[in-house]
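Please arrange chain B on chain A, whose structure you already have, making use of the hints.
Protein chains in written order, with the working numbering: chain A, 1 to 640; chain B, 1 to 640.
I should point out that these hints are in silico values taken from the structure, not numbers from a laboratory. You can trust all of the hints, since none of them are fake.
From the structure, some residues in chain B lie toward chain A, with a derived Cβ separation under 10 angstroms:
id: 1; residue: SER240
id: 2; residue: LEU242
id: 3; residue: SER309
id: 4; residue: HIS312
id: 5; residue: TYR320
id: 6; residue: ASP321
id: 7; residue: PRO323
id: 8; residue: ASN532
id: 9; residue: VAL535
Glycine is no exception: its CB is placed at the ideal position from the N, C-alpha and C atoms.
Number of protein chains: 2
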Amino acid sequence: MAKYGVSVPLTDIRDGFWSGFRDTIVREAIPYQWAALNDALPGTAEKSGCMRNFRIAAGQETGDFHGYPFQDSDVYKWLEGVAYSLRWKPDSALEALADGAIQTIAAAQQPDGYLDTYYIIRGLDRRWTNLRDDHELYVAGHLIEAAVAYWQTTGKRTLLDTAVRFAQHIHSVIGPEEGKIHGYPGHPVLEMALMKLWSAVGDERYLRLAEYFIRERGKQPAFFEEERLLFGREAAWKDSPLGLRYYQAHAPLEEQDEAVGHAVRAMYLFSGMTDVAGETGDPGLAAACRRLWESTVSRRMYVTGALGSSEHGEAFTFNYDLPNDTAYAETCASVGLVFFAKRMLCLEPLGEYADVMERALYNSVLSGMQLDGKRFFYVNPLEVVPEACEWDRNKSHVKAERQPWFGCACCPPNLVRLMASLEEYAAVKHGEILYLNLYLGGMLRDSGLTMRIETGYPWNGVVAIDVTEAIQEERSLALRVPGWCENWSLSLNGEPCAAEYRRGYAVLRRSWRIGDRLTMKMEMVPRWVRANPRVREDAGLTALQRGPIVYCLEEADNGKALHLLRRGPDPETGVRWEPGTLGGVVTVRTSGLREDEDWPDGRLYDFREASEVRATELKWIPYYAWANRGAGEMRVWIRE
Amino acid sequence: MAKYGVSVPLTDIRDGFWSGFRDTIVREAIPYQWAALNDALPGTAEKSGCMRNFRIAAGQETGDFHGYPFQDSDVYKWLEGVAYSLRWKPDSALEALADGAIQTIAAAQQPDGYLDTYYIIRGLDRRWTNLRDDHELYVAGHLIEAAVAYWQTTGKRTLLDTAVRFAQHIHSVIGPEEGKIHGYPGHPVLEMALMKLWSAVGDERYLRLAEYFIRERGKQPAFFEEERLLFGREAAWKDSPLGLRYYQAHAPLEEQDEAVGHAVRAMYLFSGMTDVAGETGDPGLAAACRRLWESTVSRRMYVTGALGSSEHGEAFTFNYDLPNDTAYAETCASVGLVFFAKRMLCLEPLGEYADVMERALYNSVLSGMQLDGKRFFYVNPLEVVPEACEWDRNKSHVKAERQPWFGCACCPPNLVRLMASLEEYAAVKHGEILYLNLYLGGMLRDSGLTMRIETGYPWNGVVAIDVTEAIQEERSLALRVPGWCENWSLSLNGEPCAAEYRRGYAVLRRSWRIGDRLTMKMEMVPRWVRANPRVREDAGLTALQRGPIVYCLEEADNGKALHLLRRGPDPETGVRWEPGTLGGVVTVRTSGLREDEDWPDGRLYDFREASEVRATELKWIPYYAWANRGAGEMRVWIRE
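So here's chain A without its partners, still in its complex pose:
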């Protein structure tokens, strides 16, 4: 068993594409979300109560708890995002704001280390009686992730100490030892978090507890059922046919072979499981990770990298069931898929994992935020007719425009923390080989070798890598050849250069010298995508992709009744960089056909030939940028 790969973060991110989004996050989204967490948003945004809950729990204010049992996690995710933001753009005012929040959080912690404002306010006697639905372990996980990140950026220990105290408390009440609760998180994330904490503070108890959660899950008799019998607390999902599948707790993980249930839970769980598989070197667990990966991405994922076919349980349904207009496709699930992909890349270097990672990242993750950073999608459908969202209850979870905030506000800060830490997803090292998985501009440093990466990705496929520091030693650089790329070439210092193609990578081994310039050119042309014929909802349809970007048609460009548009006979008629459109995007124009919108006599059914079509031009925009020009129809898949 190979050792678990090590993520090598880029530094000094300067990227034509991502820097803009990250600027928006720093300037707009982070302050906006802080206002949300403090119920200071103007207008009709849903109330958070998050920071107030902490003040009440800390005895600084009186009142009742507001929100969901997992409300605390919103500020933790926000703090984690702030930590990454400060790493990129130091900002003393923001840091002071975060320090203040941390003081409040720390003040709410109980003497025994417990820290969950829901139970602190509502009554500690009931804590640890509903691991299944009450999210105490989920909240702990996000606290730990924030604490590690904040400590790594600032060196400040307050939040880390708080997190360690809570982790120690959890270790004292849950685990395999007699007298402890033999349980595991109803909503995973703590597994991943404990692995980070172990890596940060070196206390092996955290690795063992994460491993325990992974191995204990799904054993019979089911812990969640025993807990229910013991404390009489009914499951939030008791009337759902999903049952324990909702929690991926229906069978031991090593025996599971389909991604089922709540999609975010699944992604977080599989991510933590992959960490454990990688660090422990357990081949059975690793095989399960591969099976569940395969189930997720080969049978249950939208072309945008979105997950969750049904609103009911925000869940997976069954193989190849991917309805475009009733999709749940939660932003958090795609964020979770990026986490899972990153960890699979640490498990083993396979370009396909990174293909999925960028599919989610550039499409269904990015679509979660309005271009101004102040509105968010929870649900990322692939087909929208605003009238249907209003009148068809099956689509009432689908919104035609992003929302200012959510009662359950998991997605906005989740997206922020991922975007602000993208540098950690770009490269992985296995042995002496450095695998470059995401193309973004920045510096890549590893053991004496330093490279500056510059790229026009995702708008063009040129990546230039300049060696700025080197040592006398042969080292391998593996550049990912994306799955969307048919023709690519590599040149070194202006000369064509041969590389070995291996499992999705062009691998070049060499003794690098300062001044070396390696250039990867990936042909980036619009290409028509088709779905596997088993996908009922995409039968006879095609989508457009250019590079990693999935495109869509919007009413703003193509008029109403998008279902009447069909792919035309000719290839694309124009690929255009439009700096003034949607924050700067490459648009694609293709020949198209438009059917007549109505029959002259207005009949509903008739024995007539197919409607007349006339030639038209379709204007495609990147899917992630949809719904930035008011509510209107949108479609990813159109008829051929």
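Only chain B this time, still in chain A's reference frame:
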């Protein structure tokens, strides 16, 4: 304003198609449903409690009320069906059974005429406090309809007297006069029923009360809102965006122009409204009937004649929104559409009304019953994948097989009473013109003219009409030329005969003689149907119809993954009468194409050309007969 047309019932029904279904109803469905109403079904059928409620209300048994507030209506609809059945096939044992049930019903009636077991058992002090949701007036309507039918068939007055007493009671508590409740039914049907009662017993108070219900509905301030404020009883649909639209009570009927809300309520209401418009000759009401008809059938109806696009509220959604796989398409709504069509034909003779009537009748009404008469559909979808019904909550209301009974069992007896009284839907007289709207075998008698109708409809388009009795007087016979028929011809005594074509009818005026044989030949070939391009869910799809019968593909004939089937280049390859298949049906075979079911590498998305197709033969069966061979996939619309 023309006088309201008069329905002229056929007699002596002997029909190759309908007699079989009616035999099944008499032999199987009626006894089966009696067992259901008495909780005597074997197996897992849902409990009814209906007859027991009456016995409890009559003091013959103790216990609590079971079921919905409208539970009584199930036995009334059953009795109405029995009345029609006895008219067709006298059966003293069945009549004795019905008489017994009627005794129990009559015994439950209160001294003041009130009769609703829900309130009799649960407390009369609360009666008439929730017209909106508690269905007292709905139950009364079905009592009246049953009573009139039973009296007409048997001459027995017990149920009619009971109904009249309840009607008088209602008249004493509801109406425009001061001191009465100024309300109207939450679930219409009483409007139609009162018109029948008026016609049966000649008491004009019932006409006036029906008219009052129609004119009062939707006036502001809304009665249902005033009632809620007065009695504090919240609406069953209070959290629905439908609001008063659910009840078609959001605006006066004369101002409504779209069919909205609960589809069955809408059809029953529009039917009663048409009766009132026709009998009162009010042109404003008649215009509203036409508008609401047009909205229903030109913008909100499935090709099978099904209504109700959404499970939520069992309701209409918005124009051209007709999803095939999440359709509600309740059997009762199509039954109601037949009621509405019949009344529009009385309002004015337009062949299009009858086109819709037969579309509903031969397709979505008939599909409501299993061929053995013992299982029923509530929901009649146009596309089914059994796995989706199980795992996609949006489709959990869709069943892949008919059910033994329902907690809310409105559909099974509704279908029975319609099928058993089909003779009342065949012909309408306007002035001296007799319009023949449905083709079925039987005797048509009117003022000295008697004709025997024989036909192979709906399997062939030949109708032979023999005059068996005549008087010396010119009379016009209008034979409907169905909308599906492109070529037709008429011959009289073997010679081609010219007829005037008028608004969907071939009209022949003549002094008929005994022995005259009029033959109508309608070319009946399979034809491809298309939906108006505004129907998103049918874009690029086509369906198959032959005569009035809409066809479908089933897994049993065509294998799994029906979405991979496409229409082939050639026309039909075989139209075959298969007496041993599905109770005897004409099947249609067409050339088709089948896409490969998977990609060799199993990828989910790829940049490849459309899948390989191979030629295949598609076998189509009548839609109404689907799901009689176990659970499997079914589709009405396929790709071209």
